Amino acid sequence: METKVKRVLLTGCEASGEGAISAGCRFYAGYPITPQNRFPEYMSVRMEETNGVFLQAESELAAINMVFGAAVAGARAMTSSASPGISLMQEGISYLAGCELPSVIVNMNRGGPGLGDVTPSQSDYFQATRGGGHGDYRMPVLAPWSVQETHDFTYLAFDLADKYRSPVFVLADGLLAQVYESVRLKPRKKRLPKKSWALTGCQGRKPNSIRSLFLTPGVLEAHNWKLQKKFEKMQKEVRYETYACDDAEYLLVSYGSCARIVKEAMDTARKEGLRIGLFRPATLWPFPYEALREILSRVKKVLVVEMSLGQMLDDVRLAAIGTTARIFFYGRPGGGVPDPAEIYQEIRKK
Amino acid sequence: MKSLYQHPKSLTETTTIYCPGCGHGLIQKLIAEVIDELNLREKTVAVAPVGCAVLSYDYFNFDVTEAAHGRAPAVATAIRRVLPDALVFAYQGDGDLAAIGTAEIIHAAARGEHFSVFFVNNATYGMTKGQMAPTTLPGQKTTTSVSGRKTSLHGYPIRIAELLAQLDGASYIERTSTSSLKEIATTKRAIKKAFLCQLNRKGFSLVEILASCPTNWKLSPGDALTWIKKEMESYYPVGVIKDILEIAP
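For the protein sequence lines, the chains are U and S, in the order given.
Note that the first sequence ends on residue 350 in the working numbering; no numbers are left out.
Note that the second sequence ends on residue 1249 in the working numbering; no numbers are left out.
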């Protein structure tokens, strides 16, 4: 008999939290910040119901280091925040990468720089994909475009984190954080991977240590080369979706909730007979350069749309090297959210 | 023949790279001896944050993690929450605990987290070669207060043990010294008591240990001990500051 998949109405914060719980996460530490306050509120209840640990930290610095400690002890652990809070976590994320600790960080991106505002934005793309903290590191960055994907990608993030012993970043925004959509919940994971490296007390084995400090000459360089090999392996985790690209002469490139808006504008343009498609990266790192290059090599013009003044645009330009596609950009900074008609007008202009 | 003393199992048989007369080697040995006495080496997880303290992960013969500067109490909080049966402690210096990590230590104590902190107060930033610490004494010369700490300019040292004792979540707070054999014996007893506090899930425990840094104080190891006795112990009085274990029925 087929098991019935449960469908529930959730916000992005709640869906992400449920994705974590389905993936076996029983540790959440966070600090309130709009537009993702629902996240710690929800997890304070759900962690108690699932015999997990919920900690309302004294700051984002403490929250990310609580995640560090839980990961050291072998737990599946996460935190969530929004842009200014994520900035405070960058040191911790660098340590998680250097110490190779599996962990999940969700950013419900809001407008910046500085305190900015609390409306949806995509202005943290550089910070997420270029290593917002210090040192030579990379981490997978998943960018959902629906509440369902926010659930699925958070679940996936935990598996990727353990697979590569790495922090994994989910980059959503204030829109996905707060909007309600119907979600098919993933079943709870029954078995979690064993972690022989974790610190649990050294009974029956030699002591383990977790470190990113290597003072002996050459040892840190060797550690960095080892990390680099891991980053190369992560390249195969690339994910993207294409819409109406087969016969496209024109291409839209957008990600996250912005891509949802762009898709509507694309549908309108298609109805009017324009041969236009949409390319949507779902992993921002690794970025789907190869797949995008293949499409760019057969289209005339490309319009990149972001809720920023052009950050993913740099990656599209890298993907376009060797192609003749002309690249245009339309963006809204500071928490501005475009509507489909506005993007449709931009398509017509180019 | 009866063995009177042997190398603690909880210490690796490595030579430390600490300076001659440094307090860290001594204090880490005391912690190791107590863990051996409690027979908990295989249940211990320690947190060693930035500063000379971090090197302890090469000397302790049990599970040790590093932590970012000041964040050891947040890391230790999570470890003890995930591993409720483990013996968890953070080993922090004064720059780490009393400057960059004040928020973390205060809130871990306020939450009454069941782990222990050994706070090594040597009144200077040792690893970075002797800058002024939040615990640097008035008049004490450092590389960032070359003519001595002026309270009118640099403010006053922080008495961490007294500060934390104000918090309801803090159950056992004691300040000890390493200036003499008697003080060292008291320090060892305090370490044990802190561990017993967390093992009985009685809340947060911290031992502030006055320790020497002869290199940065520019004193001989012997004179450094005299300096602890005369200067540090008069500003930072030793003794039990809070102990709810005693008053509990």
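In case anyone wonders, no lab produced these hints; they're calculated from the structure.
Be careful, since some hints might not be right.
The calculated DSBU-like cross-link candidates involving lysine-lysine, where the alpha carbons are at most 30 Å apart (straight line), are [unchecked claim]:
| id | chain 1 | residue 1 | chain 2 | residue 2 |
| --- | --- | --- | --- | --- |
| 1 | U | Lys194 | S | Lys1009 |
| 2 | S | Lys1229 | U | Lys195 |
| 3 | S | Lys1009 | U | Lys206 |
| 4 | U | Lys163 | S | Lys1043 |
| 5 | S | Lys1043 | U | Lys195 |
| 6 | U | Lys194 | S | Lys1043 |
| 7 | S | Lys1202 | S | Lys1002 |
| 8 | S | Lys1029 | U | Lys206 |
| 9 | U | Lys186 | U | Lys206 |
| 10 | S | Lys1043 | U | Lys190 |
| 11 | S | Lys1141 | U | Lys206 |
| 12 | S | Lys1188 | U | Lys206 |
| 13 | S | Lys1043 | U | Lys206 |
| 14 | S | Lys1043 | U | Lys189 |
Every beta carbon over 10 Å from chain S, so not counted as near; a handful from chain U, in silico [said to hold, decoys possible]:
| id | residue |
| --- | --- |
| 15 | Phe68 |
| 16 | Val72 |
| 17 | Phe126 |
| 18 | Arg184 |
| 19 | Arg211 |
| 20 | Glu232 |
| 21 | Leu309 |
| 22 | Arg326 |
| 23 | Tyr330 |
These figures come from a predicted structure and were not determined experimentally.
Note that the Cβ used here is the ideal one computed from N, Cα and C, for glycine as well.
Outcome of the hint check:
1. U:Lys194 with S:Lys1009: holds, 28 Å
2. S:Lys1229 with U:Lys195: violated, 47 Å
3. S:Lys1009 with U:Lys206: The hint holds at about 12 Å.
4. U:Lys163 with S:Lys1043: holds, 27 Å
5. S:Lys1043 with U:Lys195: holds, 17 Å
6. U:Lys194 with S:Lys1043: The given pair, whose Cα atoms are some 18 Å apart, holds under the 30 Å limit.
7. S:Lys1202 with S:Lys1002: Outside the cut-off at roughly 37 Å; violated.
8. S:Lys1029 with U:Lys206: Since the Cα atoms of S:Lys1029 and U:Lys206 sit roughly 19 Å apart, the hinted pair holds (cutoff 30 Å).
9. U:Lys186 with U:Lys206: Distance of about 37 Å is beyond 30 Å: violated.
10. S:Lys1043 with U:Lys190: holds, 27 Å
11. S:Lys1141 with U:Lys206: Judged against 30 Å, a Cα distance of about 44 Å means the pair is violated.
12. S:Lys1188 with U:Lys206: holds, 26 Å
13. S:Lys1043 with U:Lys206: holds, 12 Å
14. S:Lys1043 with U:Lys189: holds, 28 Å
15. Phe68: With a cut-off of 10 Å, U:Phe68 comes too close to chain S, as the shortest Cβ separation is near 6 Å.
16. Val72: Per Cβ check, U:Val72 is inside 10 Å of chain S; nearest 5 Å; violated.
17. Phe126: The assertion about U:Phe126 holds, with a minimum of 23 Å to chain S.
18. Arg184: holds, 30 Å
19. Arg211: violated, 5 Å
20. Glu232: holds, 26 Å
21. Leu309: holds, 32 Å
22. Arg326: At roughly 46 Å from the nearest Cβ of chain S, U:Arg326 sits farther out than 10 Å, so the non-interface label holds.
23. Tyr330: Fine: 40 Å to the nearest Cβ keeps U:Tyr330 off the interface.
Of the numbered hints stated above, those contradicted by the structure are hints 2, 7, 9, 11, 15, 16 and 19, listed in ascending order.
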